[in-house]
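Residue numbers (the numbering used here), protein chains in the order written: chain A, 265 to 409; chain B, 265 to 409; chain C, 265 to 409; chain D, 265 to 409.
In case anyone wonders, no lab produced these hints; they're calculated from the structure. One thing to keep in mind: the hints can contain errors.
[Stated by the list, open to error] Partial list, derived from the structure: chain C residues whose beta carbon lies under 7 Å from chain B:
(1) Thr280
(2) Trp281
(3) Asn304
(4) Trp316
(5) Pro342
(6) Tyr344
Glycine residues also receive a C-beta, built at the ideal position from the N, C-alpha and C atoms.
4 protein chains.
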Amino acid sequence: MEPRPDTAHRHEIRVTWGDCDPAKIVYTGRIPWFALDAINSWWVENLGGDGWFQMELDRNVGTPFVRLEMDFRAPITPRYPLVCHVWPVRLGETSITFRVDGMQDGALCFSSRTVSVFIDAAAFTKRTPPDDMRAVIERLLPGVE
Amino acid sequence: MEPRPDTAHRHEIRVTWGDCDPAKIVYTGRIPWFALDAINSWWVENLGGDGWFQMELDRNVGTPFVRLEMDFRAPITPRYPLVCHVWPVRLGETSITFRVDGMQDGALCFSSRTVSVFIDAAAFTKRTPPDDMRAVIERLLPGVE
Amino acid sequence: MEPRPDTAHRHEIRVTWGDCDPAKIVYTGRIPWFALDAINSWWVENLGGDGWFQMELDRNVGTPFVRLEMDFRAPITPRYPLVCHVWPVRLGETSITFRVDGMQDGALCFSSRTVSVFIDAAAFTKRTPPDDMRAVIERLLPGVE
Amino acid sequence: MEPRPDTAHRHEIRVTWGDCDPAKIVYTGRIPWFALDAINSWWVENLGGDGWFQMELDRNVGTPFVRLEMDFRAPITPRYPLVCHVWPVRLGETSITFRVDGMQDGALCFSSRTVSVFIDAAAFTKRTPPDDMRAVIERLLPGVE
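Could you put the whole structure together from the sequences, leaning on the hints where they help?
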């Protein structure tokens, strides 16, 4: 997947006993949840403290997912924090693509790429992103020189 | 993704209030969990009642995921059961690829494709699948004429 | 806790690998979730197919929990289905108390007692239960002779 | 429940969109999970960085729950961090009782009391707590003068 820019947002997750399965590693079903938490955290960081909850309720903008891809590279355990690096890689007319890399103790545990569409939350219809969101995303897209 | 064969295993999930987010649809983070439940159910159905728990503890065979892809096509709600159709699409030397289609009220909600590797559970090292598992999978691979 | 009447609703849960922690038994944090699923199932069974989702969205009635008690008696594993028995034990002016017993292979795994209040969902204010709900509950309260 | 001592451990949880149900507040089934995360965090804080995972795998000591009580006082939302205060209230021969208070924006959202027993993890048999754990707990029990 795409290489990580220095500007990627860093989101740290405390992995616990309850996240693990009998193989003593995080259950695969939990990992997409972690990646989504990291993306939500990207919005909180870059949208003045507003995550999906505030985007939906206060701004009437939803960003439902239409696509998720993940490569699982190494098991995740509670022995280290899970450091997630999040960044946008593409902004379409009505969609946004995020990458998340999850790392523990310097090793890559997973890489994900997700695509979400912007919607009018009340109407559940596609829309272009509001100007302030577009500005934030464009500023953080890598490789735009 | 690959078309669904008639022999796909059918796994039904009762979607509830607690699976939904404030948009009144199932939270995206729950959906990979559903797909995994469906794959586990495929093993239970085809391996004499043994799912991942028994495979790991009684047979010393693990099948950790190395790849997950999902397309989300329509929201999932508690108004209908979620009918998951599961089938293997490829058996490699040490890996297996499953497809899952999730449907509600006749409409496709999601399609997923996952790749798992066979491992010796105690040693956490790659291995070829045991003969009985290989036989079960080969019998159910579509398009092998 | 209160003894179980013959009329208790039976709700069966497929326990899986992903519900278990490294101790190879269901993680404690999952068990209240199971008990709640069983209570929701009681409503579905007794309210014409309507669970919390339909109660809230279609009937504007919420039943948020104000109290939960659970005794954990035996570990839960994926080796057996988890059979939950659910029944109401008390109907107050604006509240309802449910009991849930969770069993595997004939042994009691947990007992729970929960108290919920009836609310107007849109206003989030306390209310008495609608007549049809009250009738259903009163019919199934044990020991009312 | 018992009043909170000044020495209670503080554990902060980022509540998100995915924790909420269609009522736009955290789903009840998630709240015991939060309380357990807080108790695990108490161990991490007071046992040299070891939580349940390390206790079980490195020290062969488990602390399964036998009892859980929770009072839900106010809805939890993603608008504020959930600040959990955790402290032990009783140390028995082979058991420990923890209290957790969860607060948002200065208001009490839930209070919980849980009882766990100490076990030899490999044998799954009751035991007294190891000396170092006992010392840590006794030092933090309130009201022992």
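When the hints from earlier in the document are held up against this structure, which numbers fail?
Hint 6 alone not satisfied by this model.
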